[in-house]
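**Q** Listed below, chain by chain, are the residues.
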Amino acid sequence: MKIERKARQIYRTTEEGLKNLNSFPEEELLELLKRMGGAASIKEIEDLFGKERASIAIAWARRRGWVRIDGGKIISIGGYSMERYRKALEKAVNGATAEDLGLSSEELAELVRRRMLAREEATEVIIEILENGLKALEDLGDLVVVSKLTRDIVTRKPKGIYIKPYNVEAEPAKIYPAYRHFYVDFLEMLREIMLSLGFDEISDDLVVPELWNFDVLFQAQDHPAREIHDTLVVEGEEADLGIYSDLLERVSREHSRGWGYKYDRSIASRLVMRSQTTAATIRYLHYHREPPVRAFIIGRVFRFDRIDAKHLPEFHQLDGIAMERDMSLRKLLGILTQITKALGFREVIFKPGYFPFTEPSVEGYVRIGDLGYVEIFGSGLFRPEVLRMAGVKHNVAAWGMGVDRLAMAYLAINDIRELYTPEIDRLRWHRIASYKTIH
Amino acid sequence: MPVIRLSINRLIKAIGKEVSLKELERLLMRLKAEVEEVSDDYISIEINSDRLDMMISEGVARALKGLLEIEVGMPRYSYRDSGYQLEVLDVPSRPYIAMAIVRGIESSENYIEELIQFQEKLHTTIGRMRRKVAIGIHDLSKVPSRECVYRELEPSERLIPLGYSRSMSVAETLSSTEQGRLYGSISLRGGRTPGIVCGETIISMPPVINSNITRITEHTEDLLIDVTGIDLDAVIKTLEILSTTLAEGSRSRVIERVLVKAPWGVIETPRGDARVMEIDTDWASRILGIEGMNPDEMARKLLMMRIDAKVLDRVVEATIPSYRIDIIDPVDLVEEIAMAIDLNSLEPEPLATILPGKPSKESIVRRTIRDIMIGLGFTEIYRHVLTSSKILTDLGYNGFLRIKNPVSSEMDAARPSIIPSLLETLRRSQHSPKPIKIFEIGEIVTRDPSIYTGWRTRLSLAAAILDYEVSFEDIQAPLFSLLRSLGLEPKTVQAKNSVFIDGRTALVIANNKQLGYVGEVKIEILDALEIGFPVALFEIDITKILEILG
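Here the protein sequences come in this chain order: A and B.
First residue of the first sequence: 1, per the numbering used here; consecutive thereafter.
First residue of the second sequence: 1001, per the numbering used here; consecutive thereafter.
Just to be clear, a hint being listed does not mean it is correct.
[To be verified] If you want a taste of the chain B side facing chain A, the calculated C-beta under 7 Å gives, among others:
| no. | residue |
| --- | --- |
| 1 | R1383 |
| 2 | E1424 |
| 3 | A1528 |
| 4 | G1532 |
| 5 | P1534 |
Derived by calculation from the structure, the hints in this document are not laboratory data.
Built from N, CA and C at the ideal position, the CB exists for glycine as well.
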């Protein structure tokens, strides 16, 4: 054999470089700022990125002139995609020469300086088998060199094979697992808690007449919540309430007596996007009038809310009801305490409240980290008017929870839109972060 | 919920006892109120909208004095005739009016601030932005006559609107003052608008603006209150709240009645009538969950809530002051008792354990499908039901649900399919490492004339693959795998669909039911959505699968 060695310089992606294959810290920073309305405090960024990554992101975004710092706030100016850099890192995963990477010498120097690429001295070995060697190979006869095992080899077990050693230390190709959605997992966790407390799960339509969304819940027909700046109204025809004429009779009686107006059936038949999941629990109660009843729903609700970090026109609520022959205020407090404990909060504080359909009404607060006391329950015993309209003879405890806000507090997310993100990379990021809290 | 800003000095003076901020916070919480912010001289408190009588220091103090047991039971005010008369003519756009006089108030800069705030909070709550009820408050000494008339004003009649120094015509007041522009149209009828005229002078133009003549100052001693509206009951109730609460802070606690002679009746207002309601103490104990609560104890709790209470064997007779318009049923009194006890000192009673609850059928199938899809290597996404009607139209959907009052054009329709949600996600994520395989299980809303609302909510599953190259079979194989895992016998039949390429579209059928479509997405659609990679996807109706599985 004749062996010839040639020294060459190659670049290889480092551990640090692998972390940035999808996006550079400064790109994520810019994306984050965009989502937070163009500016964020250093603390907020550190909370989301971790201290180290945050300082890298800020430093590089500044150096590129993408952001400026003003009074402790990072303000976005705007940037560009680092895709070319990332492509180069991808190519260098198994080692590549400077020409292969297609970067300028300054760009290459930056990646080396940022320890994303490592320069290596490689040696190219050229082996030439000379005449004597070829003769020797012939003498070896049937010896087969194998680089990949096949079923054929495993089952036939031929004699004289040579399994070539594999470079077991090389970085493999990057693949990703399929993930469950972190927020759906959170909803599943709530569902498990409610089931374990003996509540049956119900589901119902998203489009409902005001009859279920408001009237049966004793919300006055001129209540501001019914107006178009509060509830999303469906275009087109109204509901045909013919099947509910008995119910309408009772509703009309209670409204006229309680609110002192002439009840208007055309308002009851207006179609809206469900604005509270109590619309579903009260409907269930209407069909299940004998105690014991324990039921809950976790579902989407809709409101006329402007879109920002805290509001969306579509979000989730959990609503529950419990009817027993001797349902009481103390029992209601018992249910709320049980749920709070199951969620992992140590204490819950109660405050009297007001809801049109419950009396007494109770709000429940829990302490969440830096946020202090946060309202998580609206609850109460259904008013006698509501019970009479639903045709129920026993007291019913009812409560509702805003699920999105709770999830945000639980998962340390400060933008509600993250729960519904259309970006798969964000899903991966949240998935990993939420394992720590949900599991 | 309304937030009021009160002078701490005035509040403490009204309570008549030094109360620490912490104590105040705790007590207010028991009255459904929450301290929002405290500065040196002011405190901001969120008041529950059912306690309209607590929108000013006097009202808050009245309630607190009960909890502190400084003053318990129903507050007493004496009523007498004022000698003032109001003649009501036909005012079709705003027929109802009532008046009251409160004497001996202690006016100050802070008092006037809180008075205006009280008025505004009532306007936005029970007043429904002045449409249903509007309030005018005047310095009685400046009202030019004891004989007033409520009638429609001609556009040419003149007054000096509050805050102005020159006289204007009614028409000009409506068109050129800020209040006129905001509220001028509420009770306007052919150019005429309601007015209160005392002697020859217009003192108010409800619901728009008062006249400057009767303006309240720091020297004001006596108040004339007018309440107008389109609902007599709400007008009367508002006047009860105003007159008693303002009398609470007056030196004499005297309320004087005004004789109102109207086409709808002759009454003296305000009435100040207390209402009597009986509570069965056993029933109340059961609701509270406190077995055998002593009737005397219950009565004491009601007294703390400023409600008179007399024990008659197993019944407590409660006498409710006229300003507590929120109490309409004995159960409201039970809540009052709970508030006096303090909810946090009631011991929660856990529910008896029974068997675990049943998940809904939808949930069971949903969970199973979710597990299978993840096992097939698809990542779960979760998006909104609300979507953009423009995207739906671009994808060839029609007859979907539109929102009459959308918040944004991005969310002005309900999705009739999950495909738009998947494609939007793919557009936003197309530069992630490939292959991208995603799915969503979620609600869709479709037209269905057979149900009473005309719209049915269905559960649907859609899954998609995006890669440098994608074939029909790449998506068909996992679809078949899923359906077979559910115990169904799937087949695909050549079909046409607006989303998919002709010749690469199939109807998905299992157990003789059409479940949905599978295919490769049209290039025009990818182009319109700015997706630069081929996509294959399927969507099937889980509600139908539930029907098959039974």
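**Q** If a hint holds in the structure, say so; if it doesn't, say that too.
**A** Hints, verified against the model:
no.: 1; hint: R1383; in the structure: holds (6 Å)
no.: 2; hint: E1424; in the structure: holds (6 Å)
no.: 3; hint: A1528; in the structure: violated (17 Å)
no.: 4; hint: G1532; in the structure: violated (13 Å)
no.: 5; hint: P1534; in the structure: violated (17 Å)
The structure is inconsistent with the numbered hints 3, 4 and 5, although it conforms to all the rest.
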